[in-house]
Amino acid sequence: MHRVVVTGLGPVSSIGIGVSAFTDGLREGRSGISPISSFDASGFPHRNAGEVPGFRPETLLRRIEAARWGRSGQFAAAAARLALADSGLDPATVAAGRAGVVVGTTSGESVVVEAVTAQQVEAGFGGMDPDLLGQVPAGRLAHAVSTELDLAGESLTLATACSASNYAIGYAYDMLVTGEAEVMFAGGADSVCRWAHAGFFRLGALTADACSPFDRNRSGILTGEGGAILMLETLDHARARGARIYAEVLGYGVNCDASHPVAPDRASIANCMRAAHRNASIKPEDVDYICAHGTGTPANDSVEAQAIFDVFGDRVPPVSSIKSMMGHTMGAASGFGAIAGTLAIAHGFLPPTINWSTPDPALAGLDPVPNTARETGVRVVQNNGFAFGGNNAIVLIGAVE
Amino acid sequence: MSGVVITGWSTTSPAGVGRAALVDRLATVVGAAAAGTAATGDSPLVGAATAVPDGAGWPVEPPPADPVEVTALSDEPLPTPTGHALVDFDVRAHLGRKGTSFYDRATALAVVACGDALRDAAVEVDDTNRSRLGVVLGTSLGSFRSTSDYTRETLVQDKPYLVNPVLFPNTVMNCAAGQAAIRYGLRGVNATVATGPLAFLDALRYGTNAIARGYVDAMLVGAVEEFSPHRAWTTWLTGQPGRSIPTGEAAAVFLLTRADRPDWAGPRREAEVLALTTGYGPGGGPAADQALTGCVTRAVRRAGVDPADISCVLTGETDPDDTDEYAPACAALGHVPARMRVSRLFGRCDAATGGLALATFLASEPPEPTPRLALLTGRSPDGGTAAAIVRGWPGAGASDR
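Sequences listed follow chains L and Z, in order.
The UniProt record's numbering applies: residue 1 is where the first sequence begins, and numbers increase by one.
The UniProt record's numbering applies: residue 1 is where the second sequence begins, and numbers increase by one.
Hints in this document: simulated from the structure, not taken from any laboratory.
Where hints are given, some of them may not hold.
[As the list claims (entries may be wrong)] Only part of the chain Z face toward chain L is listed, based on derived beta-carbon distances under 10 Å: (1) THR28; (2) LEU167; (3) PRO197; (4) GLY285; (5) PRO286.
[Said to hold, decoys possible] If you only want the chain Z side, here are some residues facing chain L, beta carbon under 10 Å, derived: (6) PRO165; (7) ALA181; (8) SER380.
Backbone N, C-alpha and C define an ideal beta-carbon position, used for all residues, glycine too.
Only chain Z is shown next, with the shape it has when bound in the complex (with noise of 0.2 Å):
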C-alpha cells in the first residue's frame, strides 16, 4: 500500500466545472442506469461472441451520452458537428484575464482544474509550503492544434519565419503544467507524462513516487486533452467508419498527499491510491493482453486486498465490442465486477480518460456508503497497459467547498 490519500479533485468536463457539476451529472445518469438494472434484474450483455458479459456492481454503466453540437469551436470543417465538449467554457470567467490571453485550451481546461481541486481539498498555498507541492499531468502530445497551428504558420506566412514568439511555449507539451506552477506557485516537482491512454494513470504512478520518495509532499495529479478539429479529425480518420465514439475533452485533477501527513491531508481523505502497476505487451494483441493481465495481478497483490471485493472495473475502451481492457481484468480478478467506460459518458478523451474514470468512481457514491474498491485500467494501440486500485471512502461529500 502506497500510503497517499486523495483529498479532493475536480474536473473541467462536458459535465461543467467542478466536482459538483460531475457529481450532479453522475447522479442523474447513473442513477436512471440503476434503476434501469433493477428493473430487468439483468446485467446486460455486451458487445460480440468474445466478450464477457457485464458483472454486477457500482456504479452502473449507463447508455452513451448523446453529444452536443461543436461547431462553434472550430472555425474548420468538422468531421461530424457533435461531439462532447464543454462549448461555453471560457477561461476568463474562472482565472480573469491577467496570464490567461496566451493559455491554449488544453492549459486553460487543466488549469482551471487544478485551481478547484487545490480549493477543494482546502491546500492553501504559500511560501512555507510551496516547494513541497508539485503537479503532474498526462497529455497525449500536449496541445495538438497549438503545435499544428505553429507549424501551419511556418508553411503559409511569407516567410517561414513569421510565428508568433509568445504562443511557442505551447508547442511543448509541458505547457499546462508549467502554467500550473506559475498561476499557483508550485514549486515542487513539475511534470508532464505523455503516454495517451495511459496518461492519467502513468501520472497517478509518477506523483504517488513523488511523495514515497519524499521529493514533495503532496502532488496535483491529473489529464487533460481539449476539443479541436485535429482531434476530432485524429478520432474520425483513424477510428472504425461510422462506429467512432464522439471526441471529447476534460481535463481531471486530484490532490495526492501522504495519509499521515495531517497539515497536508486536511480533515477530508476521498480514497487512498493502493497500487499501480505498469507493463508492456511488445506488438500489442495477446502479449498486451497479458500485460494487462499481469499489471492488474501484481496491482491485488501489492494493494493486499481480495479480488472478490473489487466491485468496479473503470476501462478505457471506447468501441462499443472492445473487451481489450475488461477481459484480461476479468481473467486477473478471477471474477466479473461491473464494468464502467467513460468514454460512453465522455467520449473519447485519451490522456484524460483515466483521470475521469478516477472522478466517475469518486462521484458516484452508491445507495449504502461503504468503503469500496475500484481498479482502473488502460492500454494503448502498441501495447503499454497499466492498472490502478484505488479505496473509496463514503461519505467524502458532493460539494466544492
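Here chain L stands alone, though its shape is the one from the complex (with noise of 0.2 Å):
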C-alpha cells in the first residue's frame, strides 16, 4: 500500500486561473460571478452565473488543437496542464502507462449538445454537424487531459454529477494506493449551459445575484464552470524526484442516498461522512476545516449542516462554501473544494464565506468563516461533495505527517 501526495495544482476558475490567481482570489473573498455572456440569457429572469470569460484555452494549451474538443474537455485539458506545470514534473520520466487521468462531470460536452440540438432545431435531425457529433461523448473530457499531456495510462470520465471530482480523486487515490499507478491527474470539469440555467431556474434552485450560501437568507444556487484537476502521486514517487508536496490524500468515502433523485437526505451524508473518516483513519476531531458542499439552496445547506452536527456533536470545525464565489461548477465542485482545501493546509488559512450577512438559527453553532479569509493552521481537511442521484463523495486531505 502507497501513501498518495498533492504535487500539483490546476485552476481553470472564475476567480482565478491558475494556482496563484486561485489562491489570491480564495484570499481575498473574490466573486466570479458575471452576467451570463456563452448564451442568450436574454429570456431568463436571472442572467448571472460564474462563467470563466477569461478562459483563452489556446493560451493554456500546447498539443490539443481546442477546436476539436468541446468546452469542458478543453477546460479540463487546460487544468492538468497547468497542474502538471505547478508539479515541475518532466512526464518522460514516468513509464508508459503509469501516469492516467480520471475526470468527474455532470453534464460533459453540455455545449456541444446544445449546439447540436439547436442545428436539429434549425435543419432537422439531419442537418447535425458529424463533427460536432463526434464530440458529443462525455469520455473525451479523460481523452482530452490524456491526449493534450501524451500519457498511456488510464484515461477514465466519471458522471456522477455534482459529486464527480471526488469520485475522481478517490478513484485516483486508489489506483495510487494498489500500485497500479505512479501518477494520477484527476478532478472534474463542466461548462456553463442553457439546459442546467433553465433545469435549476423551474426547481426553484436559482438565486439572481449572489450566493450566500449558510445565510438565512440564502435563496439558491448560481451556475458556474471550469476545470479544477489535481496531480496525486505516490510518496515514494514524490520523493524520490524531489517534489514539493502540498499535502495527502488520506482516503475517502462515497455511498448513496438511494431515497430521492434530487432531495438531499441527512442520515446518508452523514453516513458518508463516517465512511470517510473511517477509510481515512481519522477521528472526527482530527478535522479542522470543512470545504462544504454549501450550494446555497435552503435544502443542501440545512442538511448538510445537520448532517455534520450529528458527525460532529459538539466540537465542529469551521465551515465554509467556495460556491459563495463561484458558483456551483457542477463536476468540477468538488475539485475546486479539494484544491481549496489543500491551499488551506499548505498555506495556513480557511477559504471565506462570502456574501453572508444573517445567521440562520437553524444552523446555531455552524461557523461560515464569513466573508473574510481566516489565517489559521490547517492539518485535515473534509472536502464535501453531494450529487443528484443521492451520489455522496467525501474526500479526506491532510498535511504530510
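Starting from the two chains in their separate frames, assemble the complex, guided by the hints.
Take a look at the structure:
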C-alpha cells in the first residue's frame, strides 16, 4: 500500500486561472459571478453565472487543437496542463502507462449537445454536424487530458454529477494506493449551459445575483463552470524526484441515498462522512476545516449542516463554501474544493463564505468563515460533495506527517 | 487474480428481457453458425487484406442478424426504418407504474436489468446488507435524447425556462444508476462511468476495485444504451456511408462479489473476473494499437493464464472490415482465437457493447462444458483501450431463477 500526495494544482476558474491567481481569489474572497455571455440569457429572469470569460484555451494548451474538443474537455485539459506545470514533473520520467487521468463531470460536453440540438431545431436531425456529433461523448473529457499530456495510462471519465470530482480523486487515490499507477491527474470539468440554467431555475434552486450559503436568507445556486485538476502521485515517487508536496490524500468515502433523485438525505450524508473518516483512519475531532458542498439552496445547506452536527457533535470545525465565490461548477465543484482544501493546508488559511450577512438560527453552532479569509493552521480538511442521484462523495486531505 | 466472481446477470436486449431470452436467441444463432462452420471445415476469412483471418473456437460468430422495424420508437424521421431495438419494451409491464412514469428509456432498460440480475443472483436486499451493495453503470453521455430534448425546450418554448423540472434529473448522466439505487434500496458505492465504447469494461474495473478495496461486498456492474432518433442519426451521420451497422440498444448487468463471501456469492458461480486493464494511445491509430496490445499482455500476465487457452476474443468492432481490436489482441496473445463481434447480433450499442459481449460469452455454453477463458476488448476513437479476461465455468444454467 502506497501513500498518496498532492503535488500539482490546476484551477481554471472564474476567480482565477492557475494556482497563484486562484489562491489570491480565495484569500480575497473574490466573486467570479458575472452576466451570462456564453448563451443568450435575455429570456431568463435570472441572468448571472460563474462563467470563465477569461479562458483562452489556446494560450494554455500545447498539444491538442481546441477546435476539435468541446469546452468541458478544453477546461479539463487546460487545468491538467496547469497542474503538471505546477508540479514540476517531467512526464517523460514516468514509465509509459504509469500516469493516468480521471475526470468527473455532471453534463460532459453540454455546450456541444446544445449546439447540435440547435442544428436539429434549425434543419432537422439530418442537419446535425458530424464533426460536432463526434465531440459529444463525455469520455472525451478524460481523453482530452490524456492527449494533451501524452499519457498512456488509464483515461476515465466519471459522470456522478456534482460530486464527480471527489469520485475521480477517490478512484485515482485507489489506483495509486494499490500500485496500479504512480501519477494520476484527477478532478473535474463542466461548462455553463442553457439547459442547466433553465432546469435549476424551474426547480426553484437558482438565485438572482449572489450565492449566499449558510445565510438565513440564502435563496439558491448560481451555475458555474471551469476545470479543476489535481496531480496526485505516490509519496515515494514524489520524494524520489524531490517534489514540493502540498498535502496528502488520506482517503475517501462514497455512498448513495437511494431515496430521492434530487433531495439530499441527512442520515445518508452523515453515513458518508463516517465512511470517509473510517477509510482515512481519522476521527471527527481531527478535522480542522470542512470545505462544504454548500450550494446555497435552503435544503442543501440545512441538511448538510445537520449531518455535520450529527457526526461532529459539539466540536464542529469551521465550514465554508467556495460556491459563494464561484457559483456551482457542477462536476468540477468538489475538485475546486479539493484544491482549496489543499491550499488551506499548504498556506494556513480558511477560504471564506462570501455574501454572508444574516445568521440562520437553524444552523446555530456552524461557523461559515463569513466574508473574510482566516489565517490559521490547518492539518486535516474534509471536502464534501453531494449530487443528484444521491451520489455522495467525501475526500479527506491532510498535512503530510 | 481479482477473486471477484459473477453470480448472476441479466440483459434487456433486442433478444428480449432476461437471460433466458438471450440464451434462447444465442442457442439458435450460435448453434446454426457452429453447424455451418463444421460443414465447411473452414474458419471464415473476413475483411480487407490487412485483416486477421478469424480463428476457430467458441462461441462461433454468426452472420449479421436482420434488424427490425423501429419507426414506432420515434416521432421524428429516422435515417433508416430498421434497427436493433426491443420495440415492444414497456417498463410498466416489469416494474409497474409507481415510480417509473418519468424514467427515460435508458433508465428503464437499466433498472429492469438491475432487478433481474439481483433475482438471478438470488440476492435479497434488506436493511442488513443494502449499504454493502452498490451499482456502477456505463454510458456514453446518459440519455442523449433526454438531454437534447431538454435543451430543445429552452429554444422552442415561448420562454426559455419553460422546461419540466421533474425531467431535469434525466439530463444528468447518473440518472439510471441513481434510479436503480432508489428502486432496489442500494446504498453502497454508486457510480456512473461515461467512456462510451469502453464504458462497460471500465465499469467492470471500477466495480471490481470497489469490492477489492472493501468499500462494498457486492456490486451490480453494467452498461446501458437506448435506441433514440438522436443515436440513430449519430450512427448514420458519423459512420461510413452505406456501411453503418444499424443502431442498437441494450442494458446488460452482472452481480459481482468476492469469491470468499458465501453469504453473497450464493451457490452459483458462473465466472471469475481474472484481470482488467486499461490504456490510452494518444491520437488513436498505431499508438492505440500499441496501447491495446499492452492492455492484453498485462491482462494475460495478471490473470496468470496461458494465452493459448484463451479461445475467444469478444470485440466491440462494428465495421465489417474492422480489426482494430482483434489484430492487436491476436498480436498480444500470439495466436488467433475465435472472434465474436456482438454488434453483428445486437447492432451498434456503444457503451452496452462490452456488457453484451460478456453476456454472450456466458450464455453460449459450448457442447462440451468445460471451464473456458475469454478476452474482452474495447477501443474508443480517440485512443482509449481496455481489456478483460474472464473465466467461465460450465453448468451455470440457462434460465432466470
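Structure-based check of each hint:
1. THR28: violated, 34 Å
2. LEU167: Holds: closest Cβ of chain L sits about 8 Å from Z:LEU167, inside 10 Å.
3. PRO197: holds, 8 Å
4. GLY285: violated, 12 Å
5. PRO286: Constraint on Z:PRO286 not satisfied, violated at 13 Å.
6. PRO165: holds, 4 Å
7. ALA181: holds, 4 Å
8. SER380: Constraint on Z:SER380 satisfied, holds at 6 Å.
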